[in-house]
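Spelled out from the first residue to the last, the chains are:
2 protein chains.
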Amino acid sequence: MNIAAIFADWGTTNRRAWAVDRAGSVLDRRQDDHGLLGVKDRAFETSFRDFVGNWLTQAPGTPILMAGMVGSKLGWREAPYVATPARFADLAQQMVELPPLDGHPIRIVPGLVCRASGTPDVMRGEETQLFGLWLQARTDRLCVLPGTHSKWAEIKGDGVAGFRTYMTGEVFANLSSTGTIAQLMRKDAPHDAGAFQRGLAASESQSAGGLLNRLFSARTLGLFAELPGEAIASYLSGLLIGAELREALSGGAPAQPIAVIGSARMNALYLEGLALMGAKAEAIDGDTLLRPALLELGRQSRLM
Amino acid sequence: MNIAAIFADWGTTNRRAWAVDRAGSVLDRRQDDHGLLGVKDRAFETSFRDFVGNWLTQAPGTPILMAGMVGSKLGWREAPYVATPARFADLAQQMVELPPLDGHPIRIVPGLVCRASGTPDVMRGEETQLFGLWLQARTDRLCVLPGTHSKWAEIKGDGVAGFRTYMTGEVFANLSSTGTIAQLMRKDAPHDAGAFQRGLAASESQSAGGLLNRLFSARTLGLFAELPGEAIASYLSGLLIGAELREALSGGAPAQPIAVIGSARMNALYLEGLALMGAKAEAIDGDTLLRPALLELGRQSRLM
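Chains A and B, in that order, are what the protein sequence lines are.
Just so we're aligned, residue 944 is where the first sequence starts under my numbering, counting upward by one.
Just so we're aligned, residue 944 is where the second sequence starts under my numbering, counting upward by one.
In isolation and in its complexed conformation, chain A is listed as follows:
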């Protein structure tokens, strides 16, 4: 193997790494659940060596590029946020340099902070995926990265103009795990398209308080057997994703299809919702964007 670099995405609950050649092609890959939260006494060096050790010995001196929560306060080293509007070129320039690991230079990609609303909004990891998307076509684009914290970001010119986070996924996970809605929910049930669409419809014209009221319908429809336990998760998902989509599209849907960047499962839900709201959208596998972005960051910083 001609390993030219090691790329990693080290998050709070799991991590992934790729050994790549000079062209960024994957030579080997690794994945485990040793997220940052599981690293005791901040022993990140040891933990990372255990993870990719033989790559390090096989290719002495090759650079390590990392993105994600590894650059947060609770990560290996804090990589200060770059403020929006941010140029993609700022990412390479503001990568944080760590002391070499066994002779391998290490860099962590900074996150972004957006203060457009008056309070800070942040991302870590998504900025690298956005850069990967931009490298493909270099066009302005409205993007959504669904997840625990869904991010809506606007690519404009050669950078990210701004973004907003929605806690949709976390609120869904919380309400699905404990409480009076979770009690009635069959959690292992497959996606129910009808219930999801019913939830999306119920999100229409709701104020913030209206959402706190509508959420209760996920319980009462179950209580009255007007929604089977198997359908409650899909209904709740539609209600929350619908609220997010309506807010994100409140200024009107863009002419260019919205880039939906996430897992296949989440992308399908967002595409379904966006289609019902008359917005054009294109699903993009988030995994395909990270490596080209890290490759380009490695080149721009003359590490590769």
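A couple of the hints might just be wrong.
Remember, identical chains collapse to one label, so a pair may be satisfied in a single copy or spanning two.
30 Å max Cα-Cα, derived DSBU-like pairs, lysine-lysine [claimed, not checked]:
| hint | residue 1 | residue 2 |
| --- | --- | --- |
| 1 | K1099 | K1016 |
| 2 | K1099 | K983 |
| 3 | K983 | K1016 |
| 4 | K1223 | K1099 |
| 5 | K1130 | K983 |
| 6 | K1016 | K1130 |
| 7 | K1016 | K1223 |
| 8 | K1130 | K1099 |
| 9 | K983 | K1223 |
Note that these hints are calculated values from the structure, not bench results.
Nothing here was measured: the structure is a model prediction, and the numbers come from that model.
Let chain A serve as the given structure and place chain B on it in line with the hints.
Chain B alone, transformed into the frame defined by chain A:
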């Protein structure tokens, strides 16, 4: 003791009971945490006998009147919901009769269902408090009963015209117990009036999706040390209660002060929020309303 009746409020997590005389004055009281969820194999009879046994033997044949979740599917016996608009007289007429317990007649007050929004909304226990309030003055009144599930109800004429539930308390409890906001929150901190007001202000003009976005500020303000961990719970509380109040007042505040019926702690928060939004309100201790209502229900049903 001249016990004339036994009143009880048996909820999911705890229960209270009062031995009262013919005038409804309290002769003895009892309270424990044997909520309905803790009763095994539906042994409600045994559980209730253990709770108030010596009252039963002291005053043979006296009636037992109960309100709350004891009348739900998971309770002792389901008392079908009365549909709004509902007259208070319907409560006495539609109480559910159980087989006597050791010679004591038992009745459970029905809950209410409101279908004004198209989906069912329900209450159990609050209808009895609303009846207690109405008995005091017999006037039309907008009422809020804060709690895990906050209820906004409209007393009109001689009954409840309709109501809406907001999951404000449950969403607050969920986000405060696990997840990325809870991580930064100092949970034992005292109420922070400034942070509560900041949260109330942040709830202004938010759509349903806007709330999912604004919730993230409870995390990021903490991350950026713009809000100390001790203040995050109060901020989140202001954000959620603010959203509820704005929706509930979206049709304009009533001329008559809003009746805020709950615990001293919750009443104080709602009064603070309502005052900031320019709505007149009056705090009423929810506990003072239940017994007069049960007394009147006992009389109307000729049990007392």
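Hints and how they fare:
With identical chains, the CA atoms of K1099 and K1016 are at most 30 Å apart within one copy only, with a shortest distance of 29 Å there and 55 Å across copies. In this assembly of identical chains, K1099 and K983 lie within 30 Å of each other by CA distance neither inside one copy nor across copies; the values are 40 Å within and 61 Å between. For the identical chains of this complex, K983 and K1016 are intra-copy neighbours only, at 15 Å inside a copy versus 47 Å across copies, given an alpha-carbon limit of 30 Å. Proximity of K1223 and K1099 under a CA criterion of 30 Å is satisfied intra-copy only: 18 Å inside one chain copy versus 48 Å between copies.
When the C-alpha separation of K1130 and K983 is checked against a cutoff of 30 Å, the pair qualifies only between copies, where the shortest distance is 24 Å, while the shortest distance within a copy is 32 Å. For the identical chains of this complex, K1016 and K1130 are inter-copy neighbours only, at 21 Å across copies versus 34 Å inside a copy, given an alpha-carbon limit of 30 Å. In this assembly of identical chains, the alpha carbons of K1016 and K1223 never lie at most 30 Å apart, being 37 Å within a copy and 45 Å across copies at closest. For the identical chains of this complex, K1130 and K1099 are neighbours neither inside a copy (40 Å) nor across copies (41 Å), given an alpha-carbon limit of 30 Å.
In this assembly of identical chains, the alpha carbons of K983 and K1223 never lie at most 30 Å apart, being 45 Å within a copy and 54 Å across copies at closest.
Hint compliance for this structure: hints 2, 7, 8, 9 are not met, and every other hint is.
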